[in-house]
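J.: Once you've looked at the hints, dock chains C and A against the given chain H.
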Amino acid sequence: MSSGKTVLSVRDLKLYYRTRKGIVKALEEINFDLEKEDVLAVVGESGCGKSTLARALVRVLPRNIHTYEGKVFLNGRNVMELDEEAFRREVRWKKISIVFQGAMNSFNPVYKIGQQVAEPLVIHDNVEKKEALKKARQLIELMGMPGIFAERYPFELSGGMKQRAAIAMALITNPEIVILDEPTSALDVLTQANIINLLKRIKNEFRLSYIFITHDLGLASELANKVAVIYAGKIVELSSADVFYTEPKHPYSRGLIASVPTLTTDRKPEFISGAPPSLIDPPSGCRFHPRCRFAWDKCSAEEPGMIKVGEDHLVRCWLYGDGK
Amino acid sequence: MIPKGFLKFVAKRTVLLLISLVIAVYISILLANFGGLIDEMVKSDLMMSITMNVRNNPAYQGLTASERQKIIDSLYQSALEARGLNTPFLIRSLYHLKNALTLDLGTALYLTSDSGSKQVRLIILERLPQTIMLFTTVTIINFFTNLLGGLLIARKYGSKIDRVIAALAPTSVIPGWVYGIFLILIFYTWLHVLPPGGLVDYPPPKDPLIYFLSVLKHMVLPMLSWIIAGLFLGIYSNRTFFLIFSTEDYVEVAKAKGLPPRQVDMGYVLRPTLPSIVTGLSLAIIGSWGGAIITETVFDWPGLGRLLSAALSYPDPPVIVGEVAIYAWLLTLTVLTLDIVYAFLDPRVRVWGG
Amino acid sequence: MSSSKRVGGLKGVLHEVLSYKSAVIGVAILLFLIVLSVYTMVTIPLPEAIQAWRSSEAWSRNPRNAQPEWVEIFYGKKLPRTIIVPLKDADATKVLLEDGRLAASWTVYFNYEYDDFPSEIVMFFNSSYSEKPAVEIYWIRPDGEEVFLKKHVLRRPDDRLYLSNDLSLELRLEGLFENKVGGKPGFMVTVEKGLFAEYSLDPRVLKGRYGIRFEATLEKNDVLNAEVVIYGSVYGLAGTDHLRRPLLIGLLWGTPIAMSFGLTSAILTTVLSLIIGTISGWYGGKIDLVIQRIVEINAVLPFLPILIMLTTFYRIDLLIILLSVVVLSIFSLGIKGTRILVMQIKSYPYIEAAQAYGASNMRLILFYVIPKILPPVVPGMISSVPGFVFLEAGLSYLGLGDPFLPTWGKIINDAQTNGAFYKGMYYWVLEPAFMLILTSIAFALIGMALEKIVNPKLKEL
Numbered sequence: 001m002s003s004g005k006t007v008l009s010v011r012d013l014k015l016y017y018r019t020r021k022g023i024v025k026a027l028e029e030i031n032f033d034l035e036k037e038d039v040l041a042v043v044g045e046s047g048c049g050k051s052t053l054a055r056a057l058v059r060v061l062p063r064n065i066h067t068y069e070g071k072v073f074l075n076g077r078n079v080m081e082l083d084e085e086a087f088r089r090e091v092r093w094k095k096i097s098i099v100f101q102g103a104m105n106s107f108n109p110v111y112k113i114g115q116q117v118a119e120p121l122v123i124h125d126n127v128e129k130k131e132a133l134k135k136a137r138q139l140i141e142l143m144g145m146p147g148i149f150a151e152r153y154p155f156e157l158s159g160g161m162k163q164r165a166a167i168a169m170a171l172i173t174n175p176e177i178v179i180l181d182e183p184t185s186a187l188d189v190l191t192q193a194n195i196i197n198l199l200k201r202i203k204n205e206f207r208l209s210y211i212f213i214t215h216d217l218g219l220a221s222e223l224a225n226k227v228a229v230i231y232a233g234k235i236v237e238l239s240s241a242d243v244f245y246t247e248p249k250h251p252y253s254r255g256l257i258a259s260v261p262t263l264t265t266d267r268k269p270e271f272i273s274g275a276p277p278s279l280i281d282p283p284s285g286c287r288f289h290p291r292c293r294f295a296w297d298k299c300s301a302e303e304p305g306m307i308k309v310g311e312d313h314l315v316r317c318w319l320y321g322d323g324k
Numbered sequence: 001m002i003p004k005g006f007l008k009f010v011a012k013r014t015v016l017l018l019i020s021l022v023i024a025v026y027i028s029i030l031l032a033n034f035g036g037l038i039d040e041m042v043k044s045d046l047m048m049s050i051t052m053n054v055r056n057n058p059a060y061q062g063l064t065a066s067e068r069q070k071i072i073d074s075l076y077q078s079a080l081e082a083r084g085l086n087t088p089f090l091i092r093s094l095y096h097l098k099n100a101l102t103l104d105l106g107t108a109l110y111l112t113s114d115s116g117s118k119q120v121r122l123i124i125l126e127r128l129p130q131t132i133m134l135f136t137t138v139t140i141i142n143f144f145t146n147l148l149g150g151l152l153i154a155r156k157y158g159s160k161i162d163r164v165i166a167a168l169a170p171t172s173v174i175p176g177w178v179y180g181i182f183l184i185l186i187f188y189t190w191l192h193v194l195p196p197g198g199l200v201d202y203p204p205p206k207d208p209l210i211y212f213l214s215v216l217k218h219m220v221l222p223m224l225s226w227i228i229a230g231l232f233l234g235i236y237s238n239r240t241f242f243l244i245f246s247t248e249d250y251v252e253v254a255k256a257k258g259l260p261p262r263q264v265d266m267g268y269v270l271r272p273t274l275p276s277i278v279t280g281l282s283l284a285i286i287g288s289w290g291g292a293i294i295t296e297t298v299f300d301w302p303g304l305g306r307l308l309s310a311a312l313s314y315p316d317p318p319v320i321v322g323e324v325a326i327y328a329w330l331l332t333l334t335v336l337t338l339d340i341v342y343a344f345l346d347p348r349v350r351v352w353g354g
Numbered sequence: 001m002s003s004s005k006r007v008g009g010l011k012g013v014l015h016e017v018l019s020y021k022s023a024v025i026g027v028a029i030l031l032f033l034i035v036l037s038v039y040t041m042v043t044i045p046l047p048e049a050i051q052a053w054r055s056s057e058a059w060s061r062n063p064r065n066a067q068p069e070w071v072e073i074f075y076g077k078k079l080p081r082t083i084i085v086p087l088k089d090a091d092a093t094k095v096l097l098e099d100g101r102l103a104a105s106w107t108v109y110f111n112y113e114y115d116d117f118p119s120e121i122v123m124f125f126n127s128s129y130s131e132k133p134a135v136e137i138y139w140i141r142p143d144g145e146e147v148f149l150k151k152h153v154l155r156r157p158d159d160r161l162y163l164s165n166d167l168s169l170e171l172r173l174e175g176l177f178e179n180k181v182g183g184k185p186g187f188m189v190t191v192e193k194g195l196f197a198e199y200s201l202d203p204r205v206l207k208g209r210y211g212i213r214f215e216a217t218l219e220k221n222d223v224l225n226a227e228v229v230i231y232g233s234v235y236g237l238a239g240t241d242h243l244r245r246p247l248l249i250g251l252l253w254g255t256p257i258a259m260s261f262g263l264t265s266a267i268l269t270t271v272l273s274l275i276i277g278t279i280s281g282w283y284g285g286k287i288d289l290v291i292q293r294i295v296e297i298n299a300v301l302p303f304l305p306i307l308i309m310l311t312t313f314y315r316i317d318l319l320i321i322l323l324s325v326v327v328l329s330i331f332s333l334g335i336k337g338t339r340i341l342v343m344q345i346k347s348y349p350y351i352e353a354a355q356a357y358g359a360s361n362m363r364l365i366l367f368y369v370i371p372k373i374l375p376p377v378v379p380g381m382i383s384s385v386p387g388f389v390f391l392e393a394g395l396s397y398l399g400l401g402d403p404f405l406p407t408w409g410k411i412i413n414d415a416q417t418n419g420a421f422y423k424g425m426y427y428w429v430l431e432p433a434f435m436l437i438l439t440s441i442a443f444a445l446i447g448m449a450l451e452k453i454v455n456p457k458l459k460e461l
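Protein chains in written order, with my numbering: chain H, 1 to 324; chain C, 1 to 354; chain A, 1 to 461.
Any given hint could be a false lead.
Unchecked claim - Label-pair ranges, simulated between beta-carbon atoms:
1) C:A82 <-> A:L366: 52 to 58 Å
2) H:R267 <-> A:L366: 39 to 45 Å
3) A:K21 <-> C:P260: 46 to 52 Å
4) C:K217 <-> A:K184: 38 to 44 Å
5) A:K21 <-> H:L61: 31 to 37 Å
6) H:K130 <-> C:D201: 53 to 59 Å
7) H:V189 <-> A:N361: 47 to 53 Å
8) H:L61 <-> A:V71: 57 to 63 Å
9) H:S221 <-> C:P3: 45 to 51 Å
10) H:I307 <-> A:L14: 53 to 59 Å
11) A:V290 <-> C:K217: 49 to 55 Å
Unchecked claim - Pairs of lysine to any residue, SDA-like flavour, derived with a Cα cap of 20 Å:
12) C:K255 <-> H:K21
13) A:K150 <-> A:S164
14) C:K160 <-> A:S22
15) A:K21 <-> C:I161
16) A:K21 <-> C:V164
17) C:K12 <-> A:N298
18) A:K180 <-> A:Y199
19) H:K112 <-> H:V79
20) A:K336 <-> C:V278
21) H:K5 <-> H:K71
22) A:K423 <-> C:P196
23) C:K255 <-> H:P62
24) H:K21 <-> H:R63
25) A:K423 <-> C:W190
26) C:K255 <-> H:V79
27) H:K129 <-> C:D162
28) C:K156 <-> H:T19
29) H:K95 <-> H:E84
30) C:K160 <-> C:P260
31) C:K4 <-> C:I340
32) A:K21 <-> C:D162
Bear in mind the hints are in silico, worked out from the structure with no lab data behind them.
Positions of the beta carbon are idealized from the N, C-alpha and C atoms, including for glycine.
Isolated chain H (complex conformation) (with noise of 0.2 Å):
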C-alpha cells in the first residue's frame, strides 16, 4: 500500500488564534508522517481542530492568528520557514492541494466551472488558458461529468456534480498530497459512495497521498490505511488502520468505535458522556480526563506524551505509559 517513501512530515504544528474571549489552542503538537500512496484518516468530533489542521497545512490562517509555529518537511524541505510569495508559488496547489467541506460553495458564483479548475494552471505552471481549459475538461469528464459542464457556472450543478469538479480541480496541477475535508458530508449516502469510490480510482491513477478528514468513522475505513485521531486539539492515537479498528487503546477512540452503530451484531451503540472542551480554557493534564472513565490523579494533574505501544502504534494516554 505504501511506499515507503515520507512526502509529508509533520514536526510540533502548533496554532493558536485571538478570540473576544481569550486565546484558542486551536492545535498542539501534532505530529505526524505521510508516506507516499498513503491515506491519512484524521477523525475526530466537531470543533476538535481537523479542519484547522487542513488549513493550517496549506497556511490558510484566520486573520486573527496567534501563533503558527512548528515544522512542516515536504519531501525533506521544511516549508514553514517559506515566506508567504515563496510559499504560495511552490507548495500551494502544487505539492499539497484541498477539497473543503460542503463544496456548495467552493466556487466562485459568478465565474464559470471550466475556469476555475482550470485557473491553478495558468497561475502556477503558466499555462496558456484555452490549453488549461481544455485539461480542466479532461479532468472534468475523468471524474464522470460530460466535458461541457466546464462551460457552466456553479449554480447550474448540482452537489454531488460540485463535489466532483472540486476534486478535478484539486488535481489538475497534479499534487502529491490532496487534503480531503469532509468531502462528502453534505451528500447522500449513493453519491457519498460514487465519490469514495472515484477518489480510490484516482488515488491509484495519479498515486496520490491524501489527508482524509472525517467525522465518520465508517467512511474514513473505506479508504485509510492510517489513522490519526484528534480530541480538542490534540493528536490522541496514531496507527495503522487495520490496528485501529481492530484494537483501539485510547478511551476516546474506543468511545468512537463504540458509538458506530453495527450491522451484523446486536451490540447497542455507546456513546461518550460530556462535551469536547473549551480550547481557551482546556482541562489541565490530559484534555481528555474529565471524560473518561478510566481517569484517575496523574490524569488530571500531568499531561501524557505519545507512548508508543506497538509498530507505528502512538497513544498519549497514561493507561500505556507509566503504568496505573
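T.: Here is chains C and A on its own, set in the frame of chain H:
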C-alpha cells in the same frame, strides 16, 4: 460572442419596461387631466395656431372679420375631431398619451427656451444636457469613491477610521440639497470663493476653454453636495458587503489554490460583491432623480429640475406635464441600464432570463 | 403565553437598543423633540398659530429680520432689543387756548444702553379727532440737545410714521452731523445713527437717557395717543423673518408637523407595503403577477415630478400630500423582499400543519406570517422617517406644500427668496436646517441600531 441568454434578457426587459413607461405616462396624464387641464391646454393651443395661420394666410386677406372667424371655427372643429378631442375622457387621454410620450406638448404659457421658442419640446430638450452632465458625472464619481472607499475601509476593519466611518454613516440620511445649502453658506456667503449657482459666469466667457473652466467651477458645489450626501453610508455599506463576502468559502479556496492576493481580492471578493453593490446603487440612483430637482433649484442649475420649479411657480401646465413625461423616460432608461449591468454581473440572471 | 413573550421581547429589544451609544443619543433627541411638540401644541394651538403666521398686524412691534439674541456672544457687544415707549407714560402739559383748543405737549423718556444702533424707528398713532391735528416731534439727546424731527399731520386715526424711510429727515440729520463733527463722518448717517450716535467720525452709540416730545394743538374732545417703537436688531431665541414673524413659532410648530408627517408616512407606507408584499407572496399566481407589474410601473413613475404636478394643479393640503406620498411609495421595490420571505415561510411545515387543521388564510397570514416578517421591517421603517421629513421640507422649499402651515422647509424657502444668502443672514437658514438635521439624525441613529439588532450578521461588523 455575447451569450444568447443575455440578448434575450435584454430584449425582454426592454419590452417590459417600455410597456411600463407607457402605462406610467398614461397614469400621469389621467392624474393631470382630472380637471380637464390638459384638454384646455391642447384646445387653446390649437385655437391659437389656427387663428394665427388664418390671419397670416394671404388667401384669406380679402375677407371680413366675421368671415374669417367662420373659417377659423370650422377649421377648429375639424382639428378637434382629427385629434380625437371630442371623444370621451378615456379616449381623449390616449391622444394626450401619445403626445406626452413624444414630448409633443404644444406651446408653453409663460416660459421660453433660450433660443426664443415657446415650444415645450424644445424648452425641455434644451435643458436635458445640463442635467445629464451633472447627474452622470456625480453618479460615476460616487460609484468609484464609494467602491474604493469600501475596499480600503474593509481592509482596515476594526481600526479607528473604520469606526469613524460607521459613526458618520447616519449623515447620509440628509439629502444633497440640504448639504448644498450649507455649502453655499460656507463657500459663497462666508468665503466668497465659489458662485452660489448658475451654469457659468456672467457675462459668459468667449474663450471656449475659459467657458469650460467656468462651468466646472459652477459644478463644484452641486457635485460636492451630492457626493457628501451619499459618501459615508455608501462607503460603510460597501465595506460591510466586502467583509461579509470575504468570509465566503470560495475566497478561502482561492487562497488555498495559491492565487496571488491581488487576484483573490479582485476576482473572488470584489467581483462577486458587485451585484449587491449595483443593487444598492440602483436604489440610490433612482431616488436621486427626485432629489436632483431640488438640488438644481438650490443651485439655480439650468437643468430639468430648475425648469420644473420655474414652471410650477407660474404655473405653466404644458411644461409641467412635459417634465413628468421626460422624467418618466429618464427613469425607464436608468432602470433598463441598471438591469443590463446587473445581468452582466450576475450570471444567474442571464441564464434564467430574469 | 405568546403575548407575554412579545412584551418580554419588547423589553429585551429596548434594553439591547439602549446598549448602543448612538441609539441612546437618538432616543434622547427624539424624546426632546416629542416634548417640544407637545409643549408647542398645548401652548400655541394650531389654528391660532396659522392665523398668527398669516397676519402681519400681530407682529408689527417686532423688528424685521432680527437676529437671535444669543448672537451677541459672538459679537462681544450688547445688541439692541426693541424698546416701546408709550405716550401714556409721558409727562403731559396741557394749556387751554382762547379759542377753546388745547396746546398739549407730552414728553417721554427712555434709557438706551446698548452698544449698537436700532434697526428702525416707527411711531404708531392711535387717536380720535375732529380735524387732523398737526404734531411736532422733538428728539432730546442724553446730553440735553434737542433736535427738531418733524411736523406731521395725521392722515388717519391709526396713522404710522416711519422715521427710518424719511429721506428729508435723514439729509437734515446728516447735515447736522457734519456741522457738529466738522467734516464728513466715516459712516453713512442713517436716521437711527443720526439720532443715536455720538458726534464723532466713527459710529459710536451715545448711551443715556433719551427723550421725545410731542407738541400738538387739539380740539376739545380730541385724544392723541401714540407709541414710539425703537426696533432692536435682535429678537428672542430665534430671531425674526422678513415679515417680522418670530422664527421660533415656525421652528416650534415645524416640529410636530415634521414628526407627524414623517412618522405617519413611514408607518403607513411600511405597513401597506408589507400587506401588499404578503398578499403577493401568499396567493401567488395572477395576483402576484399583477402586483409585480404594478411595482415595475411604479418604478418608472417619476415620484417627485408627479407630486409637484399634483400640488400645482390642484389645491391640496398636507393631508392629501401625505396620502399621495404614501400611495406613490407603497409599491416600492421593498415588496420584492417581503414577497420572497413570505414564499419561503409558506413552504414551512408548520404552515402546512396549520392548514391541515383548517386555519383560514387570514388567520395564517395574521398570526403566522406577519409576526415573522414584521421585525426585519421595523428598522427600515424608522430609517425611512427622515426621508419623508425631508420630502415635506423639500416640497415646502420649492414653494409647494401647505401654504398656511409654518414648516421648516417653508422658512428656508422664505430665507432664500428674501436674500438670506446674499445678506449673510445665516441664522434664518441654519435654524430650520438644524432642526431638520436634528430630527433626521435621531431617527437614523435609532434605525441603524435596530438594524444591527435585527440582522445579527451585522452585529459582529
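J.: Can you list which hints this structure breaks, lowest number first?
T.: Numbers 2, 3, 7, 12, 19, 27, 30, in rising order.
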